[in-house]
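J.: What follows is the residue order along each chain.
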Amino acid sequence: MVAIVDYGVGNLFSLRSSLSSIGADAVITGDPEKLRTCDRIILPGVGAFGDAALKLRQSSLDEVVRTEAARGKPLLGICLGMQLLFEKSYEFGEHEGLGLLKGEIVPIKGAVPEGLKVPHMGWNFLRFTNGQHPLFRHINEFDAVYFVHSYYASGCDSSVIATAEYGADLTAAVSSENIAGCQFHPEKSGFVGLSILRAFCGL
Amino acid sequence: MITKRIIPCLDVKDGRVVKGTNFLGLADVSSPVELAKYYSDGGADELVFYDITASAEGRRLFTDTLTEVASGVFIPLTVGGAINTVDDFDRVLKCGADKVSVNSGAIKDPDLILDAAKKYGSQCVVLSVDVKRLNGEFRVFARGGRDDTGMEAVAWIKKGVALGAGEIVLNSIDTDGTKDGFDLDMLRAVCDAVSVPVVASGGAGGIGDFVTLFKEVPGVDAGLAASIFHFGEVEIRALKRELAANGINVRLI
Chain A
228 MVAIVDYGVG
238 NLFSLRSSLS
248 SIGADAVITG
258 DPEKLRTCDR
268 IILPGVGAFG
278 DAALKLRQSS
288 LDEVVRTEAA
298 RGKPLLGICL
308 GMQLLFEKSY
318 EFGEHEGLGL
328 LKGEIVPIKG
338 AVPEGLKVPH
348 MGWNFLRFTN
358 GQHPLFRHIN
368 EFDAVYFVHS
378 YYASGCDSSV
388 IATAEYGADL
398 TAAVSSENIA
408 GCQFHPEKSG
418 FVGLSILRAF
428 CGL
Chain B
254 MITKRIIPCL
264 DVKDGRVVKG
274 TNFLGLADVS
284 SPVELAKYYS
294 DGGADELVFY
304 DITASAEGRR
314 LFTDTLTEVA
324 SGVFIPLTVG
334 GAINTVDDFD
344 RVLKCGADKV
354 SVNSGAIKDP
364 DLILDAAKKY
374 GSQCVVLSVD
384 VKRLNGEFRV
394 FARGGRDDTG
404 MEAVAWIKKG
414 VALGAGEIVL
424 NSIDTDGTKD
434 GFDLDMLRAV
444 CDAVSVPVVA
454 SGGAGGIGDF
464 VTLFKEVPGV
474 DAGLAASIFH
484 FGEVEIRALK
494 RELAANGINV
504 RLI
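Protein sequences appear in the order of chains A and B. Numbering-wise, the first sequence is residues 228 to 430 according to the numbering used here. Numbering-wise, the second sequence is residues 254 to 506 according to the numbering used here.
Where hints are given, some of them may not hold.
[What the hints assert, rightly or not] Partial list, derived from the structure: chain B residues whose beta carbon lies under 7 Å from chain A:
| id | residue |
| --- | --- |
| 1 | ILE255 |
| 2 | ASN499 |
| 3 | ILE501 |
| 4 | ARG504 |
Please keep in mind that the hints were generated in silico from the structure rather than gathered at the bench. A virtual CB, placed ideally from N, CA and C, is assigned to each residue, including glycine.
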């Protein structure tokens, strides 16, 4: 059973559809007990970091996610859900994340050359930084995935497993032991994205 | 680097794709669900689902169809047609849309763009604009190209972006249906004026028109078309191979 954490942020329709299309048994839940008993946790998220971090705290699900991650349960953060795994974000102020991974979330503007549009939106190619990570076992380097983001994870070199070139190397995916994150949307990245979700689900 | 996007547009009326006939290899050619899945699996970078009836009684059918389409599509999905309020955004987003396209609704009430962008983020708000040359200027038309709004197009688009629109779909009424190619002058004028993604729509007749589009107007991010894809005149994989052969960055599958 894969639990998609429901903490009142964003639309989980596509994520659920994509998991069901690969034959994964998935549930959308905000119930701590279900998060404790499931095999894997996906932390989704769209919108602004501060708001999402607050909702996660208010629902007390931040502690559940931290505890389960510490117990070694596979955890995948997607888009803003990936950013929340880090220590802090500078999106509209300064906000604390879950602190499960070392690094911080900073604006793309300023990191990429003038003239490139922000958000970094559209299909871009994955460059593996540390060989073929198990999350990528069904895909190839330079496969394209779908991004929509204006901030990216910085200072997290040791956990980066893929980048996307956009005038600079933007963090595309991270992993450390049982914790992983995708800046892109695997549920919107066609066959390649579904293959990444399959790998995470152990399928 | 971000690839140029190819976007088929499904014009849906009463739950069926209009113009969706004569398509090879599909059991039901005018089923939006089958067609959407065909494109999602076949190399399209994004889909636009447009409810052209947009009548009150068509609503329920529309959201049912949309939900079914969205369940089988694992690429970004933009939905438009009769989006007049933030509640309309909410309704289609819950059915699986990723972005929502506004047109006449934003002309009537420009704050719709602002309110939706505040609630869902700019990346979710697509401003679709129907434009025709009139008295030497680019003029915005409303209600599917029927009503002259009197507004100059570049000024309206700039205002839309300032209010929070995250993407522009520029439909040239002048080139629409001609199959003579995209409206490059109009697209240039818009790309020069705004820094959000611009999607070209109207006029594509063949693969060469997409090559010309991306070579002549590098600021354009995507090319959108309907019937040439539905009728099988242009096959998306072949189109992308030709774009790549011309040095244009695309996602090949």
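J.: Now tell me if each hint is right for this structure.
T.: Evaluated hints:
no.: 1; hint: ILE255; verdict: holds, 4 Å
no.: 2; hint: ASN499; verdict: violated, 18 Å
no.: 3; hint: ILE501; verdict: violated, 13 Å
no.: 4; hint: ARG504; verdict: holds, 4 Å
Hints 2, 3 from the earlier list are contradicted by this structure; the remaining hints agree with it.
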